[in-house]
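Undergrad: Same order as they appear, the protein sequences are chains A and B. Going by the working numbering, 267 is the number at position 267 of the first sequence; the sequence numbering is gapless. Take the position in the second sequence, starting the count at 1, then add 1000; the result is the number in the working numbering.
Incorrect hints may have been included.
What the hints assert, rightly or not - With a cut-off of at most 25 Å between alpha-carbon atoms, the simulated SDA-like pairs for lysine to any residue come out as follows:
no.	chain 1	residue 1	chain 2	residue 2
1	B	1316	A	651
2	A	136	B	1291
3	B	1529	B	1545
4	B	1564	B	1678
5	A	187	B	1287
6	A	267	A	193
7	B	1639	A	369
8	B	1316	A	123
9	B	1136	A	193
10	A	136	B	1545
11	A	187	B	1283
12	B	1639	A	416
13	A	204	B	1285
14	A	649	B	1487
15	A	136	B	1318
16	B	1649	A	413
17	A	136	B	1128
18	A	307	B	1119
19	A	316	B	1128
20	B	1488	B	1525
21	A	500	A	476
22	B	1710	B	1609
To be verified - Facing chain A, according to a computed beta carbon distance under 8 Å, are these residues of chain B, among others:
no.	residue
23	1047
24	1149
25	1152
26	1185
27	1199
28	1272
29	1274
30	1276
31	1285
32	1301
33	1342
34	1541
35	1543
36	1613
Bear in mind the hints are in silico, worked out from the structure with no lab data behind them. Ideal Cβ positions, reconstructed from N, Cα and C, are used throughout, including at glycine.
2 protein chains.
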Amino acid sequence: MRLFLSAFVFPRKQIFTLRRFQSSSIRHEPISSIQIPMDGTEQSLRQSLSEKSSSVEAQGNAVRALKAARAAKPDIDAAIDLLNKLKLEKSAVEKQLQLTISSSSSSGNGSLNREAFRQAVVNTLERRLFYIPSFKIYRGVAGLFDYGPPGCAVKSNVLSFWRQHFILEENMLEVDCPCVTPEVVLKASGHVDKFTDLMVKDEKTGTCYRADHLLKDYCNEKLEKDLTISADTAAELKEVLAVMEDYSPEELGARIRKYEITAPDTKNPLSDPYPFNLMFQTSIGPSGLIPGYMRPETAQGIFVNFKDLYYYNGRKLPFAAAQIGQAFRNEISPRQGLLRVREFTLAEIEHFVDPENKSHPKFPDVAELEFLMFPREEQMSGQSAKKLCLGEAVAKGTVNNETLGYFIGRVYLFLVRLGIDKGRLRFRQHLANEMAHYAADCWDAEIESSYGWIECVGIADRSAYDLRAHSEKSGVDLVAEEKFSEPKIVEKLVITPVKKELGLAFKKDQKNVSESLEAMNEQEAMEMKATLESNGEVEFYVCTLGKKVSIKKNMVSISKEKKKEHQRVFTPSVIEPSFGIGRIIYCLYEHCFSTRPSKAGDEQLNVFRFPPLVAPIKCTVFPLVQNQQFEEATKVISKELTSVGISHKIDITGTSIGKRYARTDELGVPFAITVDSDTSVTIRERDSKDQVRVSLKEAASVVSSVAEGKMTWQDVWASFPHHSSATADE
Amino acid sequence: MRLFLSAFVFPRKQIFTLRRFQSSSIRHEPISSIQIPMDGTEQSLRQSLSEKSSSVEAQGNAVRALKAARAAKPDIDAAIDLLNKLKLEKSAVEKQLQLTISSSSSSGNGSLNREAFRQAVVNTLERRLFYIPSFKIYRGVAGLFDYGPPGCAVKSNVLSFWRQHFILEENMLEVDCPCVTPEVVLKASGHVDKFTDLMVKDEKTGTCYRADHLLKDYCNEKLEKDLTISADTAAELKEVLAVMEDYSPEELGARIRKYEITAPDTKNPLSDPYPFNLMFQTSIGPSGLIPGYMRPETAQGIFVNFKDLYYYNGRKLPFAAAQIGQAFRNEISPRQGLLRVREFTLAEIEHFVDPENKSHPKFPDVAELEFLMFPREEQMSGQSAKKLCLGEAVAKGTVNNETLGYFIGRVYLFLVRLGIDKGRLRFRQHLANEMAHYAADCWDAEIESSYGWIECVGIADRSAYDLRAHSEKSGVDLVAEEKFSEPKIVEKLVITPVKKELGLAFKKDQKNVSESLEAMNEQEAMEMKATLESNGEVEFYVCTLGKKVSIKKNMVSISKEKKKEHQRVFTPSVIEPSFGIGRIIYCLYEHCFSTRPSKAGDEQLNVFRFPPLVAPIKCTVFPLVQNQQFEEATKVISKELTSVGISHKIDITGTSIGKRYARTDELGVPFAITVDSDTSVTIRERDSKDQVRVSLKEAASVVSSVAEGKMTWQDVWASFPHHSSATADE
């Protein structure tokens, strides 16, 4: 399954010739999509609440009846006492149910905390221009965001590291293809026909909504806020949530009608759901006759170049090609901020491999890794993700093959090196119903964020599907050869219909009969041969005619012939790790964000604890006060930092060092050099707030060594005199 | 004037509110666009040829007349002798004219050589996958190209260096905005209305052509191949070539009709020229109601973010923002290979500066540079580009200001460091008619290639135009403030119409009279004040009424008031260096390409002499023969190269070392390590073919030092024992 491809899953019957598209790649608890997770407690509480409600109602009626019948006061009082008791009981159950729901649901207290956390992160990101809603002065466009200076620097660091970690270390063949893509390419890949989401329109205003979003919102809202629904109704809604990804347009429409869901903004009725293609369409050239699209992924640019790349690689398998670039997706109604956008950067690898040999020579390098994995079986049986050793997972067949396993390991290393919290990173295997029929195995690297578990990298063994699709459409063979060291003798079935005899016998049906004969598999053919040899005649069902015909011995020749073969020609399998760079970066922001009290304790200060590798600026340089001596020293350091390639910023604002530290912490700058003499300086580390004194001359090289991982801060701390933070009024 | 913007120049009258768009950014000899360069020789030869033709014709008639009159044989023979002599003379002049034309024209012998050279470069580039026509298996799309592995590596190196040289060294604010852009933004910038080329259609087939291309081709063809045209016609065609950039659609249409130019493929008649907008259009969101375009440049993303960036920079000027990204242009009929494409990478800088102070503190760093400059005056007077000292060019006012000069210098350094031949690089100033009315000064970095002089970087002082355009359209002030250290007293004109008196006097015309009074400039107002004070009454022309009215003293109060001002608010000027990355890379390919004979002398080998900075791979590693010992050593070196960040490739093919060197030279790999022992290796430098012996342990660090410019090859040559090339069978 392809990362970021589409937001609606087609019913399985439709997907047999197509790259499979995926629904929301954000999951709260995948378990909910397997079993109908009506927690025992919740179920009995809903049951109990409904009983208590009935009792209260019945007792209320009883009280009214007693009063109407002017019953004795003690009797009435006793009945009222009972009513009050029942009401108390009902209210207690109600509270308990409320608690149960909110502790398990996505918008309960946990989620309130998550939202407050997210707001703090997002506020800091926007204020410090990590990102900016695009075209803000024109009131923006939903789903489009700019990266501001620190965001750009982070992105550029992430991409450099990606290029180093994947392309350079693995000798991949990088390509860079245009975003504008002619229709024929995306027709072959299946995007023109199938890359759609189901949409409904407000029948009066024409406003468009994603049909599954509306149904999902309705179910969640009912389940979380409406305590009066019965246990049965609750179970039904939960089932809908679990299976809605597989709904056809008709099924989705039926649910929307059943629940009387209306347009959220106007309460107007909604149209039936219909598919909306998510590609941005355009036209190439002045004639208007060549339809084109902005590519929805970068992978197709690699597939269409397979032949050249295979030759470039000396006609050897395996090899990988990679591409980093923009992809586009005209979302119906983007939400979830930076996670679902209309234009984003993808980094994709297509590793081409012999389907008969998916071993990987470097697999031992990652076999010892242990991390959270969430195999299919664990998901189906309601367990949670667990720490597995990658080598064992491959050995046991949990992960389909070594190459797939190798990439899972490399992706793990990549994400953790960036600063993703390994406790909030898991590899989730696709369930059978999530995968396309042709896929051998798929795993998503999911990162937990305030939005839930986010699919950030998809790693799929897509078999030969993509190359075959383009071979067929273009007529150019996209295949590899394996030369045999010595020719092999191969036995081949040869079926030769004798057209003249068939023509005499079947006239205009001759062609259908011929084709059916040629289409027999080996077993059928050998059986026919035997029967013809013994009986001279055989009954044969021609499916294209819908009837049986009688075949005689002289009408067909069937034999097995031995042939010398010098090579095997085959379509390579492709293993595809596909990275959503923007999603990874957003999760990184959340994982690195923290707050700590200011020294005075009067406010919370924000800190992005980025590893130096991704920090937008590696170092700030502060002259303690503005004078010529310090300015000169600052210039010397700045020049040296530039020459060792350490991005830095000089802050000469007159504010206190404490304020300047706070400002720099909020950008995630790992080191600060304070210039308070012209011979030595203070270097301060962001997370520990520790400071050491280093000579002016050494300052740049110390920072560069720690920033580039050649030294740890502990090494620095052990090697240089410590500096009391008295001067730093944090 | 903006790089790559458009291919048709609007007649000046149309461009007063618009970023000025440019015609073909490829010029053969700019001189030809100034004076009508009918070379004296060519003119007299055409004249002479026409006279000789007349003489030949006249003498031919004379001979025929003599024969008809049965004149005496000696007389006829003498006449025939003269005719033959005249024919010989005509033929000599013809040859000379042919020679003159081809030596000066673009498709003469020089150009044949250029084309052969280009073909050699392009063949190598395509064969080694520096680039690939996009979607090749589907027969491609004109104007779209992929970068293959070495092309990607070169591009990535060029962009890294750009980021280092400009963004990091100058502390620029990088942004990264989407390609998909809503219409309102490009309406404000002028692109929706004016970003067009003039197109003509084949009236029968509908095939589209660029109108100016057809006219240009016609003129060049006539001038170069038709020797019979008169000197006057030749002069006319040359004038057309010189001024056609300024033609209106009507003028262009008139020329096409006059010369009876037809569709090149079918000879069908052509439509009148009409403007075709070059932006790829699309639609944002599912409703189809928000028109959008793929951005034609990255600059607008910076302008719309000016306010946030200005605040981010602490509300201080000057500062620069930069963006690297894709831009799109739906060319009518792309030609010139990689130079005119439909999607390309731009790197743009917008340096915002106080219009009253365009000095640059780092200008002294570049003031001493000397390189080819081609100021307006030299172009107008028919001289050629000459070496100037940048500091003097700014001091003399040839370059408008220091900041513009600083960027010219930085661009020069950037291009030369990449490997552009400084002898084939010039900075050409725009002529007055090339610039927009608002631009203060513009210079293009032009690089000479087989296509002529190519505009690769545009460096323009665009004044406040862009920010003003977006302020107006968005209603958001895009301004900067200069706080005064102490308040300034400013005298301001105050005109206050007395509405009551005006109403009594002019009834319904009161409003028009009031507005006209308020619209007076200082001089008009002070004159009126003086007249009113002396006469008590004045005649006043109200243009919105189209008549004069009589204004009395009590109807308006005019005064000058002193006001305290604490700051000056102004729209910054912007100086914009804009880099066409693909064009720079293509020119780099041509400048670095050379051939040399193979050792056997039986073939020409191709070499790309890339500086290590841009070389796609820095080093190849060859085990001399395949055995375990060498393989181990190769692995050790490979691991060390990876750890010092040197991209490399291992070539274990069994072919001869000479063949492997040739293959690596053709990719422009500067160094090759041959492993022929497990203790020491050979390092070979590409251009000199010199080889040294270095210990296995040192190999990676030696290569990395030279590749990163910390050492020169001369240093290496001086420090290590030389290796005889006997083993290398080059």
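Undergrad: Against this structure, judge whether each hint is valid.
TA: Results of checking the hints against the structure:
1. B/1316 - A/651: holds (13 Å)
2. A/136 - B/1291: holds (17 Å)
3. B/1529 - B/1545: Holds: residue 1529 of chain B and residue 1545 of chain B sit about 22 Å apart, inside 25 Å.
4. B/1564 - B/1678: Measuring from Cα to Cα gives roughly 82 Å; hence the hint is violated.
5. A/187 - B/1287: Holds. Residue 187 of chain A to residue 1287 of chain B sits at ~23 Å (cutoff 25 Å).
6. A/267 - A/193: Given pair residue 267 of chain A, residue 193 of chain A is violated - Cα atoms ~32 Å apart, limit 25 Å.
7. B/1639 - A/369: holds (21 Å)
8. B/1316 - A/123: Holds, because 23 Å separates the two Cα atoms, which is no more than 25 Å.
9. B/1136 - A/193: This hinted pair holds, its Cα atoms lying about 22 Å apart.
10. A/136 - B/1545: Violated, at about 42 Å.
11. A/187 - B/1283: holds (20 Å)
12. B/1639 - A/416: holds (22 Å)
13. A/204 - B/1285: OK: residue 204 of chain A and residue 1285 of chain B at ~18 Å, within 25 Å.
14. A/649 - B/1487: Distance of about 32 Å is beyond 25 Å: violated.
15. A/136 - B/1318: holds (23 Å)
16. B/1649 - A/413: holds (24 Å)
17. A/136 - B/1128: violated (44 Å)
18. A/307 - B/1119: Status holds; Cα separation ~23 Å.
19. A/316 - B/1128: holds (16 Å)
20. B/1488 - B/1525: Given that 25 Å is the threshold and the Cα spacing comes to 24 Å, the pair holds.
21. A/500 - A/476: violated (34 Å)
22. B/1710 - B/1609: holds (19 Å)
23. 1047: Where the cut-off is 8 Å and the nearest Cβ of chain A is about 43 Å from residue 1047 of chain B, the hint is violated.
24. 1149: holds (4 Å)
25. 1152: Interface hint status for residue 1152 of chain B: holds (4 Å vs cutoff 8 Å).
26. 1185: holds (6 Å)
27. 1199: holds (6 Å)
28. 1272: Result: violated, 15 Å to nearest chain A Cβ.
29. 1274: violated (11 Å)
30. 1276: With Cβ-Cβ at 5 Å, under 8 Å, it holds.
31. 1285: Nearest chain A Cβ about 7 Å off; hint holds.
32. 1301: holds (6 Å)
33. 1342: Status holds, d = 6 Å.
34. 1541: Nearest chain A Cβ about 40 Å off; hint violated.
35. 1543: violated (35 Å)
36. 1613: Result: violated, 13 Å to nearest chain A Cβ.
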